[in-house]
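So the sequence lines, in the order shown, correspond to chains W and G. The number in this note's numbering is simply the position in the first sequence, starting from 1, with 1 added. The number in this note's numbering is simply the position in the second sequence, starting from 1, with 1 added.
Check the hints yourself; a few may be wrong.
What the hints assert, rightly or not - Estimated spans, in silico, between C-beta atoms of each pair:
1) Glu89/W to Pro386/G: 45 to 55 Å
2) Lys439/G to Arg100/W: 43 to 53 Å
3) Val8/G to Met67/W: 17 to 27 Å
4) Gly266/G to Arg86/W: 24 to 34 Å
5) Val466/G to Thr17/W: 27 to 37 Å
Claimed, not checked - With the C-beta cut set under 10 Å, the calculated list includes, among others, these residues of chain W facing chain G:
6) Val3
7) Pro4
8) Phe33
9) Asp58
10) Gly59
11) Ile62
12) Ala70
13) Ala72
14) Gly87
Stated by the list, open to error - Computed list of chain G residues with no C-beta within reach of chain W, every gap over 12 Å:
15) Phe173
16) Tyr176
17) Val188
18) Val202
19) Val466
Read the hints as simulated data drawn from the structure, not as lab findings. From the three backbone atoms N, C-alpha and C, an ideal C-beta is built for every residue, glycine too.
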Amino acid sequence: MVPISYHLVLSGVLFTIGVMGVLLRRNTIIIFMAIELMLNAVNLSFVALARHLGSLDGQLIVFFVMAVAAAEAAVGLAIILLVFRGRETVNADELNLLRW
Amino acid sequence: MITPPPVNWLSLLPGLILTVTGLLILFWDLWMKPEERRLLAWLGFIGFVAAGIVSVLLWGRNESAFNGMLALDAYALFFNVIFCVVGAMTILMSVHYLETVEIQPGEYYALLLFATVGMVVMAAATDLIVIFLGLETMSIAVYVLAGMWIRRLQSSEAALKYFLLGAFASGFFLYGIALLYGATGSVQLDKIATAATTGGVSSLFLVGIALLIVGFGFKVAAAPFHVWTPDVYEGAPTTVTAFMAVGVKAAAFAAFARVFLHTFGSLHAEWEGILWVLAVLTMTVGNITALVQRNIKRMLAYSSIAHAGYLLIAMVAGRDLGGAALLYYLVAYGVMTLGAFGVVLAVGRQGEPNEEVSDYIGLGLRYPVLGAAMTVFMLSLTGVPPLVGFTGKFYIFSAAVQAGYIWLAVLGVLNSVISAYYYIRVVVNMYMYEEGGKTIEALSARPALVTAILLAAVATVFMGVFPSASISLAKESFLPPG
């Protein structure tokens, strides 16, 4: 059987890739994808820990997280679309109307 | 056969009232004539008032519901009343504003109610996942609210920035929950507290706590997680800014304080160092940057960051000393900030926002009532006695001194002195000069908005002069028996 640490390390690596994606990429859609990667990395942790601890809580939590992520995607993509209609760009560096 | 567990509906009642009102608004909006839309505001207002009254009637209960996932205790009810008052005041401020900026009232009021449902859930949650769900319910509604001024490009940009950074922070928050789940085997706060006191603390546990601090730090706008705040507060419609500055911050502090002061109370020594640094950074960054702001919404955004710093001092002071001071200061901060945004709304209108501090030149001479109200809010935010801002700061700093954080209190007082510069500047502009700026008119000061401003001003003065009732209420709410 694969030990729990493997899952946790994989989840940590995926989470870090997601964080790096948010910090380094400039296209807001890619940034949003990186955020989804972070959430799914956490889901992996929950499932692995649920199996390790022998409790169902972790698996149930994943359903909640997926539902929340779907709601976020609906709202987030709509906001990105709204910005694109007004500005014809979704590049984070060009969204600089608000700056002192 | 599986018997369903008994459901304690009372614990959900305030949230249910708000949800049903929100749905009613959405459906009614479909059938009503466009010129009748103003009625939606009053329906929303009634919803907030009803939920607030129900919360007051439920006062004194101390129950747990849904298998230990929600609590119906004084703490949750205290915050319910805050959220309902903030929501009702926001509606009073929005009635006329929505027409001038052409925001669709149906969706706006419904989202305001749904965001408040999220806040109510956050304050009542005794399970990390329920806190997460409340946080997201609130945040997703507020992301949309921030972008509702469709004609203004800044508004959609603010919504996008808020959304991306908010979702980023909830990723950290969720990872923190996962690690705590791994370390303790549960996401329920009481079980985590038991595990913390009996089983010792693993490094997994500590990293989990640190990630939770990142998640909460973002929502309360603590430095260095505050960078989104000025942009979002400036870009969002002003009523939404007021709602975010007061409601969202209070909700985030409600969950933050329940988790850290109650659940992790036995680990105070582990996290007080981090929060100490955050508190000092937040106050200093907020106040110093506010000094150079020319736009009043941005200035109030930095001021709200600085106030998050003062509130963090109360967290550092710990459960027994800081808890009641935290609740009292949240109320104090709420009334004075809502009032200040109300005045900003009164002088602004479509195409002519009048948001520069220099626009306020001579305003106090031409509009004595509005000027007096703004003076009260600015002096109270500075912390001048006998206003509520002074009493609140006094309780926070004395809690810090009693808990042995002398330096923290000293830095807090120094920061208040710095903040006097930019708050008083508004007052000076209003009264000391007559010429030099635009001669702006308070054309948007309609009855509903003026009522909200006056209510906030009266509360600011009254709670400052007679603090004992609200202080004892805060004490009673913070320490539920058991």
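Now for the hints, and whether the structure bears them out:
| no. | hint | in the structure |
| --- | --- | --- |
| 1 | Glu89/W to Pro386/G: 45 to 55 Å | holds, 53 Å |
| 2 | Lys439/G to Arg100/W: 43 to 53 Å | violated, 23 Å |
| 3 | Val8/G to Met67/W: 17 to 27 Å | holds, 25 Å |
| 4 | Gly266/G to Arg86/W: 24 to 34 Å | violated, 49 Å |
| 5 | Val466/G to Thr17/W: 27 to 37 Å | violated, 54 Å |
| 6 | Val3 | violated, 16 Å |
| 7 | Pro4 | violated, 14 Å |
| 8 | Phe33 | holds, 7 Å |
| 9 | Asp58 | holds, 6 Å |
| 10 | Gly59 | holds, 6 Å |
| 11 | Ile62 | holds, 5 Å |
| 12 | Ala70 | holds, 9 Å |
| 13 | Ala72 | holds, 6 Å |
| 14 | Gly87 | holds, 5 Å |
| 15 | Phe173 | violated, 8 Å |
| 16 | Tyr176 | violated, 5 Å |
| 17 | Val188 | violated, 6 Å |
| 18 | Val202 | holds, 18 Å |
| 19 | Val466 | holds, 37 Å |
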